[in-house]
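Protein chains: 10
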Amino acid sequence: MTDERYSKLDMLGADARAADRPEEARLERVENPSQDADYMIRFACPEFTSICPVTGQPDFAHLVIDYAPAQWIVESKSLKLYLQSFRNHGAFHEACTMMIGQRLVDEIQPKWLRIGGYWYPRGGIPIDVFGQWGEAPKGLWIPDQGVPSYRGRG
Amino acid sequence: MTDERYSKLDMLGADARAADRPEEARLERVENPSQDADYMIRFACPEFTSICPVTGQPDFAHLVIDYAPAQWIVESKSLKLYLQSFRNHGAFHEACTMMIGQRLVDEIQPKWLRIGGYWYPRGGIPIDVFGQWGEAPKGLWIPDQGVPSYRGRG
Amino acid sequence: MTDERYSKLDMLGADARAADRPEEARLERVENPSQDADYMIRFACPEFTSICPVTGQPDFAHLVIDYAPAQWIVESKSLKLYLQSFRNHGAFHEACTMMIGQRLVDEIQPKWLRIGGYWYPRGGIPIDVFGQWGEAPKGLWIPDQGVPSYRGRG
Amino acid sequence: MTDERYSKLDMLGADARAADRPEEARLERVENPSQDADYMIRFACPEFTSICPVTGQPDFAHLVIDYAPAQWIVESKSLKLYLQSFRNHGAFHEACTMMIGQRLVDEIQPKWLRIGGYWYPRGGIPIDVFGQWGEAPKGLWIPDQGVPSYRGRG
Amino acid sequence: MTDERYSKLDMLGADARAADRPEEARLERVENPSQDADYMIRFACPEFTSICPVTGQPDFAHLVIDYAPAQWIVESKSLKLYLQSFRNHGAFHEACTMMIGQRLVDEIQPKWLRIGGYWYPRGGIPIDVFGQWGEAPKGLWIPDQGVPSYRGRG
Amino acid sequence: MTDERYSKLDMLGADARAADRPEEARLERVENPSQDADYMIRFACPEFTSICPVTGQPDFAHLVIDYAPAQWIVESKSLKLYLQSFRNHGAFHEACTMMIGQRLVDEIQPKWLRIGGYWYPRGGIPIDVFGQWGEAPKGLWIPDQGVPSYRGRG
Amino acid sequence: MTDERYSKLDMLGADARAADRPEEARLERVENPSQDADYMIRFACPEFTSICPVTGQPDFAHLVIDYAPAQWIVESKSLKLYLQSFRNHGAFHEACTMMIGQRLVDEIQPKWLRIGGYWYPRGGIPIDVFGQWGEAPKGLWIPDQGVPSYRGRG
Amino acid sequence: MTDERYSKLDMLGADARAADRPEEARLERVENPSQDADYMIRFACPEFTSICPVTGQPDFAHLVIDYAPAQWIVESKSLKLYLQSFRNHGAFHEACTMMIGQRLVDEIQPKWLRIGGYWYPRGGIPIDVFGQWGEAPKGLWIPDQGVPSYRGRG
Amino acid sequence: MTDERYSKLDMLGADARAADRPEEARLERVENPSQDADYMIRFACPEFTSICPVTGQPDFAHLVIDYAPAQWIVESKSLKLYLQSFRNHGAFHEACTMMIGQRLVDEIQPKWLRIGGYWYPRGGIPIDVFGQWGEAPKGLWIPDQGVPSYRGRG
Amino acid sequence: MTDERYSKLDMLGADARAADRPEEARLERVENPSQDADYMIRFACPEFTSICPVTGQPDFAHLVIDYAPAQWIVESKSLKLYLQSFRNHGAFHEACTMMIGQRLVDEIQPKWLRIGGYWYPRGGIPIDVFGQWGEAPKGLWIPDQGVPSYRGRG
Ligand SMILES: [Ca+2]
Ligand SMILES: [Ca+2]
Ligand SMILES: [Ca+2]
Ligand SMILES: [Ca+2]
Ligand SMILES: [Ca+2]
Ligand SMILES: [Ca+2]
Ligand SMILES: [Ca+2]
Ligand SMILES: [Ca+2]
Ligand SMILES: [Ca+2]
Ligand SMILES: [Ca+2]
Ligand SMILES: [Ca+2]
Ligand SMILES: [Ca+2]
Ligand SMILES: [Ca+2]
Ligand SMILES: [Ca+2]
Ligand SMILES: [Ca+2]
Ligand SMILES: [Ca+2]
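Chains as they are written, first to last, in the working numbering: chain A, 1 to 154; chain B, 1001 to 1154; chain C, 2001 to 2154; chain D, 3001 to 3154; chain E, 4001 to 4154; chain F, 5001 to 5154; chain G, 6001 to 6154; chain H, 7001 to 7154; chain I, 8001 to 8154; chain J, 9001 to 9154.
What the hints contain is simulated information worked out from the structure, not anything from laboratory work. Each hint should be verified, as a subset may be incorrect.
Claimed, not checked - Below, a list of computed lysine to aspartate or glutamate pairs in the EDC-like style, where the Cα atoms sit at most 20 Å apart:
1. Lys-4077/E to Glu-4023/E
2. Lys-138/A to Asp-8038/I
3. Lys-7111/H to Asp-3036/D
Stated by the list, open to error - A short list of chain H residues far from chain G (calculated; beta carbon distances all over 12 Å):
4. Thr-7055
5. Gln-7084
6. Arg-7087
7. Pro-7137
8. Pro-7143
Even for Gly, the Cβ is constructed at its ideal location relative to N, Cα and C.
Use the sequences and the hints to build the structure in full.
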């Protein structure tokens, strides 16, 4: 059942480990199987953690990535490993979220991409970061990410 | 439409202000209008704030108070003012929650009382405190307080 | 399709109006069609309003009534009209809720009855009243009333 | 893939129609495949309608049926057709709900059965009926039916 | 009560089985009964499963299909059987979702069609695919599909 | 308290019955009390049932109707009776939904009207139909109908 | 802490009572403190009741009012009293909702105003009314009112 | 980081495939790491499908399994493969659910086990099956499974 | 792991206290790490309290702040302390919300900023204030704030 | 505002870092301020991550800890740091959850303690672990933890 298109992938189906740093992580891509179409792909990534560059303590986020592929689509196992490589990476919420979006843009050169970073509260105040690259193809269907607003208690 | 029973209340319908400290706040009570019955009264108090005794920063909580009245019921405006008197009071979550329950018990001597304190997160971890005084009358109807669990993000 | 049992009802299917005061309102009852069984009947009444005896301003409540019928069941249209008769009635939340439960108990003499009164907030604090009459028949199925807890905002 | 046990069923997999009246409807049963066990089966039936015996207008209900089978289990297609046979049947909410429970008890003689009838509002007040037959086997697992409480608007 | 328009359908009301492969499955269509109108039809299909082409393990998805019919509408039983024919079909999430949308477009030539594929998580990350064909008629009413975002736990 | 405008209504406040067939049902209308304004009226109709023209079995739907009145508004009791007249009417989901919208358009000639038909699942797949007549007045406020998406189980 | 701007208000902080009829009720206004800005103010009013002009029975609604202030903003206590003055007022849902919006427009001459009236069900069908006055300033931020759709039961 | 205890497992971390039939599937177990404690383990399995023995069409279910381990705990990858082996298995909802519970009991001999099978609707009616084996250790903490009740539409 | 950019911050990581009055509070800013991009940052602030200028009683609000940074981003700890400085500040809901937005605009000169103030109910009616400064960059991604509407009870 | 009781705490209010391994982490405790009472304290900890001992990949969990204090209560900052020390710790879900509960029991010797570990899905199946130590004091108030069940998609 395998497919020519995937024969060059190194990580999918193999026992890959995450890189130590995002800069060393490899993101893999495969040919977009529907290159004629303007469509959208969404990844929801609730398992993300990095390090606060000031306090050295762990931060957590729920990330959602949307993109309209051009020639390439992201191979999802390499995406998982890429995100894991932030485990010891120190960066502020804004910088960390934008860095992930930029890296994906560089690797797969989509028609358009956006990333929502929904960070866990610090000092009672959660920060969300909403970054976007390129212009969405005219008429692209882009549903809301629908991550619930933070309510505190009660 | 007023009622003999309430004629001695000082705060209800008047322009009362909260005391500066909980110790100075006056809680008023009125005769329980249904002294034959074992029933339960619930107050939901989402507007509560006090001070962290270590950092001096404000804390916030959603409080829910349940009790089975004996001779007295709490006059709710005085309850509001009592809770407001914690605005500059420094105490840990556990101590603050229990202190409120104890004061109510002392003032209105209910058959039974409980208080749920649902505190806003600090360090990413919210604390809930569930205190109880006396034994609930046999067969008393005690619905869950139903305050949603803390979910973080996602 | 009508039924002997209902032929004496005055209000059902007729153009009845609510009484001016609860004391004047008539509650009708019909024979319990399942007198062998211990079962429970629930009325949810989100359209209730009365008057605050101190301020003269309207109060609102969502009421839920549960009971296990003995010989009689409540005719629901007369219940609706009975509840409407509180429109100009002044009473505190606790007294008003218990008065309704007591009246139903007097009229239909159920094996057991309870009423949950979920009042709209005053001074930022809503009051719920949970009253109960008699002992529930052993093994009676009594689901939670499931009215959401008050959350304030956020 | 068929099974001896089902070879006598008339309705399952056939083009059966509902009876005109509940009294004429046939309920089919099959051997309980797990007669050693005390377990519970739940049917959720959100598509139920009957007739108000006083006004002649249609009533609607969401029904949930729970039972602990003894020798027999209910064949679900015949249950569907049985419930459809109430389409022109006139009965009050309480009587209609209890009649369905009683019929099931008569047909399949379960160890225990209960039915929750969650009726659509009339006069602004929905009625729920909670009937039960027999005593649940000791330790039987009986989850709440979890039908949301009626909220009115807002 | 049957209707000329449906007399040529082979699957509806018959004992049809799903094809072994999507390529062999037949989709049936009937005349659009409202050809003058620009309106939208939605199918929600929470029972979908296919095979991962790399690991050979089952994948699951919740699909929602929206379209504006031109001359034809999809016969829903044949849609069900078409979707069932993917049970042993190996394809990635993106390709599988787009293939279903394309096939429907080929068969019923709608004015416009879109499909949302909401796949169950793999490696902790669910993928959603949002494909679209044609341009929606001006002013067409297109409600959100409203499938909840993936939240992980908590 | 009655009003000239309503004096010619036959059904409101009277003991009207539903017609046997939609074609025979009478829809009543009253003068739009705010003819200067472009505003929207919504009816939510969760109590709707008709007959499947192929299988003869009952279908159920939740309908929501939105319109911007011109000279007339729909009298709601006659709407209720009109919808009841589908109880023995056989039609497919698409045709039935559009027929109701068309009839309302013919009777009250609104500036614009739409109807959402949210049908209960058949074969595991619910169908929703979204029909619309006319062009909404520029700037009309049209909130989403907000009927939850079908989720299957889990 | 008081403020020049409010010194002429009669009702705020005083023991005001509602008028007997909406026509007699006084709405107070204060200077808009941010006259340079195009912003929106929302009032949610879940405690509203009036009278059905045909049956004389009470109606209930949840109202939400949104407006973009020009020179004036509504003083909220006078709004509360104005809404209370409908307690004995007979009017249909459509007329009553639009009358409230019109009165506010007349009194505070906002740049734009809208009112959503979400009425409790009658005859199983709730009516919502969505009225609007003026044109919203370009780019004004107008969040959905987010009142849940009526679901019946189940 | 591996652990002696897991060295004999064949499936975990390997490229295992599901068996063709449940009878051929192997379930693996590992030593319970906390044998002194009475605790509960829950698996939620929303990806389950089998075959209807009468119609040959696929069925879907959401399963939740709770147990109190004695000497063994279930290895979760082998559980996943075991559940996959039902993909071509024909059985009724009741029988299929109980068969899974029984097999787990046979393999890991827990102190107590229960399984909730929440099946997708057929004929508009979903069936839930709640089976249980053994007696829960005194005081065991057993949270509700919390799977939402089926609501139909609206 | 610290970063040149943050070396001049006084409050972050230090034992800072809130100012006594908003006018005295210092807001700190850091260089926007992604100045090429048009992106949005959101702060959710459920822990806000100020004083009613007429009654002297505490008010509570849930605030959500969205902005598109130009050269600067807000340092979040200084934001927390700034909001705390309103603890003894008297202002009406409208004025208080707009004042916070204006101050942020003055300090960080964003491309665009908005603030939603969701205030707890007074007199049974909560007020929401939606203020906005500047024009959002073309194509900026601005998700709804998603704060639930106020429902009262039931 | 500080308090004698806390003067010996090393971590609270200081710049503490998490230990490298759970075995090295120090948990601090303070005197229970309400030693006469049987009450419950709950910590919700949605920011937890450890390592899978077989695959070496990160695992995530939402933890909720409930206990009835005897002489000591847990200092919450040290709890946060203790949980962070699992960041590089390899253990299965069951073992990891029980290890945390046991450590807390050893350190603060509560009257009773329980921990719910709600792990993110692996292989499409999330595992929950519910451990408990000691016997809850008679009549202790123990609300459900209320963590939503895992729903997959749809
Ligand atoms: Ca925090
Ligand atoms: Ca809150
Ligand atoms: Ca925190
Ligand atoms: Ca989470
Ligand atoms: Ca209030
Ligand atoms: Ca009604
Ligand atoms: Ca996964
Ligand atoms: Ca179905
Ligand atoms: Ca599902
Ligand atoms: Ca109704
Ligand atoms: Ca429904
Ligand atoms: Ca079905
Ligand atoms: Ca209020
Ligand atoms: Ca209030
Ligand atoms: Ca309400
Ligand atoms: Ca998984």
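Quiz item: Hint by hint, which ones does the structure fall short of?
Solution: none
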